[in-house]
Amino acid sequence: MLKPEIKGDTIIVPSDPSLIGEIDEFVESRLRSRNVDDSIIADIAICATEIANNGIIHGNKEDPDKTVTLTMSFTNGEVMIVISDQGSYFNPETIENPLDEKNLLREVGRGIFIVRSLMDRLEITPANGGGTTVTLVKKIT
Amino acid sequence: MKLNSREQDGVVVLEPKGKIMGGPDATALKESIRDYVNANKKKVVIDLAEVDWMNSTGLGIMISCLKTVKEAGGDLKLANVTDKIKSLLTITKLVTVFDSYDSAEEAVNAAK
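Protein sequences, first through last, are from chains A and B. Residue numbering for the first sequence follows numbering that gives the first Met the number 0, starting at 0 and increasing by one per position. Residue numbering for the second sequence follows numbering that gives the first Met the number 0, starting at 0 and increasing by one per position.
Read the hints as simulated data drawn from the structure, not as lab findings. Glycine is no exception: its CB is placed at the ideal position from the N, C-alpha and C atoms. Accuracy of the hints is not assured; some may be wrong.
What the hints assert, rightly or not - Listed next, the in silico SDA-like pairs over lysine to any residue satisfying Cα-Cα at most 20 angstroms (straight line):
hint: 1; chain 1: B; residue 1: K66; chain 2: A; residue 2: E106
hint: 2; chain 1: B; residue 1: K85; chain 2: A; residue 2: V107
hint: 3; chain 1: B; residue 1: K92; chain 2: A; residue 2: F112
hint: 4; chain 1: A; residue 1: K138; chain 2: B; residue 2: S86
hint: 5; chain 1: B; residue 1: K66; chain 2: A; residue 2: L98
hint: 6; chain 1: B; residue 1: K83; chain 2: A; residue 2: S116
hint: 7; chain 1: B; residue 1: K83; chain 2: A; residue 2: F112
hint: 8; chain 1: B; residue 1: K85; chain 2: A; residue 2: I113
hint: 9; chain 1: A; residue 1: K6; chain 2: A; residue 2: G20
Unchecked claim - Here are some of the chain A residues that sit facing chain B, going by a computed Cβ distance under 8 angstroms:
hint: 10; residue: P16
hint: 11; residue: E106
hint: 12; residue: V107
Looking at chain B on its own, in the form it has when it is part of the complex:
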C-alpha cells in the first residue's frame, strides 16, 4: 500500500493506494492519522478510490483511525468506497459505524 495525503478546505485527505492487508500497512495509516491529530488537524477524509480491497486487518486499521480522530474531538469520513470494500462493510455491519460519501469532494464538504 502507498499513502498520499493532501489538505483541502482545512480537511486532511488521505489517499491510500493498493491493498490494505496487514504488515507495514497497519502502521502507515495509523501513524499518519496520529501525526495529523497531534498537529491539531482533526477533520479527516480517507479516500478509498485506489484501494482494491482490504481484509479484517484493514477494517481494524480504519476503526483505529476513526477512534483516534473521534477521541480527539474530530471527525472522519470515507470517500469512494469500492464495491468490494462496501460489501465487507455491509456484512460486518461497519456500514453503521462509518460515514461514506460517493466522492472526496462530498466527504470534504461534510467534514469541514
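Isolated chain A, as found in the complex:
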C-alpha cells in the first residue's frame, strides 16, 4: 500500500484519494501542537484537504507515480500552507460561479470558492515542472 512520507513540516503523498485522511491528520496535529482554536483548525483542514484532493484527483489524475507535496510554515501568528501537484496547471479563471442557480446542484466546482471564503489569502500559480502550486495563509492567533 502506498504511504505518505513525512519530513518535519512537509508531507509528500502519493496520488491515492484514500490517503486524504492522513493529510488531515498531519495538518491538524501541527496546528493542535500550537494550541490553535478548534474552529480555525477545522477551517484550515477543510481547505488543505480541499486543495490536496484537487491535486490528487484533478491535477495528478490519481497517478500513483505522481505526488502531492504539502508544506506548513508558521510566522507572525499566521500559518502558510503550500500544496503542489505534478499534473498540468489548473487555471482558476476557468471555474464557473458555484452560486449561479444553474450550478447549485452540481456535485463539484465549489472547492476554490470555499477556500477563498475561509482563508485570509489564496494564491494559485504554476508549479515548477508543470503542475499547480496553491498557497494558503490564515491567521491563527
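With the hints as your guide, set chain B onto chain A.
Chain B only, in chain A's frame:
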C-alpha cells in the same frame, strides 16, 4: 468517517460520524443511499450531529444523495447540522437546496 443507519417510522436515518472529506467517504454514503432507494426506502434523514466538518467533496456527496433520493420520488432531510457545516451551506447557498431540522426527531416527522 463511520456510518451507522437505523429506521424510524418508515424513515431511514443515516448517522455519519467524523469528517466527510473525500476518499472512502465518497462511496460509503452514496452506496448506502442507493441501496436503500433500490430497496424502495426513499424517505431519508442524514443526521449530521457527529460530523465535525465536511469540505466541498462532502457537500458534493450530500448533493448526490439528495438527487438520488429525489429522482426516485423520495425525500431527504438533514438534521443536527453543526455550526461549521451550517456556515458552509450558507456561503455556498446550498442552504436553499437542503431542508434542515434541529433534531433527528423533527427531520423524521417531516420526512414520513
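Hints and how they fare:
1. Distance hint between K66/B and E106/A is fulfilled; the C-alpha atoms sit about 10 angstroms from each other, no more than 20 angstroms.
2. Between K85/B and V107/A, the direct Cα distance comes to roughly 18 angstroms. Compliance with the 20 angstroms bound is thereby established for this hinted pair.
3. For the hint linking K92/B to F112/A, the alpha-carbon distance of about 12 angstroms falls within 20 angstroms, and the restraint holds.
4. The suggested pairing of K138/A with S86/B holds, with an alpha-carbon distance near 19 angstroms, which does not exceed 20 angstroms.
5. Straight-line distance between C-alpha atoms of K66/B and L98/A comes to about 18 angstroms, which keeps the hinted pair within the 20 angstroms bound.
6. Between the alpha carbons of K83/B and S116/A the distance comes to roughly 13 angstroms, so the proposed pair stays at or under 20 angstroms and holds.
7. Proximity of K83/B to F112/A is assessed by CA-CA distance (about 16 angstroms); at most 20 angstroms being required, the pair is judged to hold.
8. A C-alpha spacing of about 13 angstroms is found between K85/B and I113/A, which places the hinted pair at or below 20 angstroms, so the restraint holds.
9. Restraint check: the Cα-Cα separation between K6/A and G20/A comes to about 18 angstroms, which is no more than 20 angstroms; the hinted pair holds.
10. This hint holds: P16/A has a C-beta 5 angstroms from the nearest C-beta of chain B, less than the 8 angstroms allowed.
11. Here the hint on E106/A is kept, as its CB sits about 4 angstroms from the closest CB of chain B, short of 8 angstroms.
12. Of the supplied interface hints, the one on V107/A holds, with its beta-carbon coming within about 6 angstroms of a beta-carbon of chain B, less than 8 angstroms.
Comparing the model with each numbered hint stated earlier shows that all of them hold.
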